[in-house]
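Peer 1: What follows is the residue order along each chain.
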Amino acid sequence: MKTIIFKTASSYLLPLLLLFAIFILLRGHYLPGGGFVGGLIAAIAFVIHSFANGIEKTRGIIKFHPGFLMPIGLALALIAAIAPLFTGGALMTGLWFENPVPVIGMVGSALFFDIGVFLVVVGVTLTIIFTISETI
Amino acid sequence: MLLSVLSGFLLAACLPVIGKQIKGNLSILLSALPVILFIYFLSFIPGVANGETYHFTYNWVPQLGINFDFHLDGLSLLFTLLITGIGSLVFIYTSSYLKGHVYLDRFYGYLAMFMSSMLGLVLSDNIITLFIFWELTSISSFFLIGFNNDSEASRKSSLLALGITGFGGLFLLAGMILLGYVTGSYSIVELMGQTELIHNHPYFVLILFLVFMGAFTKSAQFPFHFWLPGAMKAPTPVSTYLHSATMVKAGIYLLARFTPVLGNHEYWNTTLIIIGGVTMLYAAIHAVFRLDLKGILAYSTISALGVLVFLIGLGTDDALLAASVFILVHALYKATLFLVTGIIDHETGTRDVSQLSGLNKVMLPVGIAAILAAISNAGIPPSFGFLGKDLIYEATLHYGDWAIVLTVAAVLTNICLLFAGFLAGIKPFIGKLPQKYEKLHLPSPLMYIPPMILAGLGIVFGVLPMIIDSPLIKPVAAAILNTSPDFHLALWHGWSVVLLLSTITIGGGLGLYFILKPSEGLLAKATRFEPISPMSIILRCTRIFESTAKGVTYVLQNGYLRYYVIAILTFLSVLLAYKIFKGIDLYVNFGKLTEITLYEAIVLAIMAVSIVFTVFTRSRLVAVAAMGIIGYSICLIFLFYSAPDLAMTQFSIDTLTVILFVLVLYNLPKYLKLSDTGSRVRDGMLALIFGGLISLLTLEVLNEPLEREISAYYAENAYTLAKGKNVVNVILVDFRGADTMVEIIVLSIAAIGVFSLLKLRLKSIEKE
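One line per chain: the protein sequences are Z and L, in this order.
When you line the first sequence up against our numbering, it's residues 1 to 136, in that order.
When you line the second sequence up against our numbering, it's residues 1 to 768, in that order.
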């Protein structure tokens, strides 16, 4: 599958798809989308890139093992979940900043939770796919 | 109180950190903990002697009625003193016995853990915490028996001990829960008031059985006794502490504690008398034939435990008093003998009793301790053992019709026990010193002072019984009897049948000692009966159990994914078919269904074609691609019915699935070995049946009135409570966020699983 067209396209597709994934992640609270789908799309973006250029190149772009995204994401989600405990709320109560942030809109603990989900999904998918394609 | 119980756990938790520093000469400092606890518990003596009991409550899981309720009365006090007192001596002894051992810190950690568990066990008023501490003692005993973890025999013995005691512990838990169910209370003190209710309840026999199973396994009663001789693989301080003085008495403690609750019933008394009687005779006779010092002591310990069960079974005031005294008597002399055995083993390197003699010439203080202990064990006046034995005979003689049989059994047991005690305590020290031992020297005082203290107490309590009479023994008997008894311990009871029996015992034992010389031949004769011993029978049962389990696992977990899927689908189909055709009135309300639109028809046609392709193609890639098309078609259907979130996710998932499949298939060999027609037909049938059933189910669901409350709640509150307009996402990250949290954890675990399985295999291939 290493045609020139695909290769060239993939290097433009990667940033575009990643942006799209983040877009999907952020709009999730109001419109269809969310961390889970966003994560899957981001993973697909990297997988397409690795198909075109080989896994080594993709790994070069990510710099670290995608597996590390899992603990980071889990930690982020956990922090978002237990943060309300410190302000006197129950576990997983939504906490919100008073004013909307430009472009993103309202920011709250749910968003961080979703980002955690996003990172875990990317980490899990890439770890599985990379491991399988490397070892088999 | 909570701190005193848990301090051992705290110490054990600290040891991995500070252990390295303390391992050298400082290890004796650790003995401070049991000593302080001993003094702390001593301070309760005046109060308890006045008939007071202490109660301490700390909440733990109040919702389930499980709290740290500590109750200190005479019985608990005796045990706490034994645990901390003998514990102190064992801690001190160990610092010299295992000096310089690599894992000394670990050993102290286990010991401290055990001490705490045992304290918790005897102080718990709540029967659930009692059970937890009970199991903790089994677990720490497992670690201690297997302390020499490079020896296979040690590992096996520790597993056996854990298996038997842990197994019994589960019975105990069931018994405790039943008791709680019957009476509505988990507190022993409260249970005591409900004896009548428990005795007349239909579950009484079951409760009795369960509690007995717990007690018998823990206290090594026939036919579960065989783990105890195996447990002697542990270092000697452990045998002293756990397997003679304290842990094995946990079963006795349990029986004594529950005497006011369950006791005084025909079943209770008969079972305990029979089991205790069989155990004491069986083990005592066994002890006679052993050569290994620790083997002798192990069997005589089992026998002594049998005596205690037997006495509790008799259940008369005399018998329970005798039991209270005998617990202390036995702990004192048996711990001494074990410690002495440890010294002999440590210095000479052998525990074979036929090899040892004349050690008095090189280690007199040790010899004195051993001989004093043997005297107390033999019940020769003026030792404390004499007092104990008198009380036992007193109890059996006054037991109605069966007095003669029981007394004969007790006398026979005591004769054998006396012989065993002499073998372990006197034989190695008198006679001619073999040449090879002439260079031996006395070990460190840290090792011989503890047995001397214990042996000394065995004589002091005999001569001056009043020091422990009312402060200690009376409250114990009071706790077991649940009344305050009136008696006084005394060495001299005047000329009586009891005295005659004592004389017979001593005479018989001495006679046996002079006639019977320990030798290989005797041991061989005893081991001839091995194949029909309870140990072999139970081990054979476990082997059958193991092979059955292996067979069943092999059938169910055969490693072929297709069979797993078949098993799951068949099971579900049968269940669904049964439910659908049995209980439900089948009908399809066509009027409720919407018209099929053109788009839907096209999508369905595409799906149908793809399915045919998937099933009949000869190329794997085509099959995978066709599957992908089916997946995308389903996404379209989701879109038609306005579920964009679902469609989007499904779309990405399908893409990734196809990629994964291609990745795997790409690397498989090119030729295709298709499954044969038979299995294809079978799979097809199963798929059709299952699909048909699910379709039926879906159609039937439409007939049920829809519960819209939940979705309405989410729709209404998504924005007000969680500030989101996309209800699906709000449910995911807010309302049901905990579920999502668990899901991403599961996902991560799956990824780690894939990663480690594949990488691990790679590494093992690299090795070759």
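The set of hints was computed from the structure by calculation and includes no laboratory data.
Don't take every hint at face value.
[What the hints assert, rightly or not] With a Cα cut of at most 25 angstroms, we get these calculated DSS-like pairs of lysine-lysine:
| no. | chain 1 | residue 1 | chain 2 | residue 2 |
| --- | --- | --- | --- | --- |
| 1 | L | K439 | L | K550 |
| 2 | L | K759 | Z | K57 |
| 3 | L | K156 | L | K759 |
| 4 | Z | K63 | L | K579 |
| 5 | Z | K7 | Z | K63 |
Peer 1: Please go over all the hints and tell whether each is borne out by the structure.
Peer 2: Tested hints:
{"no.": "1", "hint": "K439(L) x K550(L)", "in the structure": "violated (55 angstroms)"}
{"no.": "2", "hint": "K759(L) x K57(Z)", "in the structure": "holds (20 angstroms)"}
{"no.": "3", "hint": "K156(L) x K759(L)", "in the structure": "violated (33 angstroms)"}
{"no.": "4", "hint": "K63(Z) x K579(L)", "in the structure": "violated (55 angstroms)"}
{"no.": "5", "hint": "K7(Z) x K63(Z)", "in the structure": "holds (20 angstroms)"}
The structure fails hints 1, 3, 4 (numbered hints given earlier, in ascending order).
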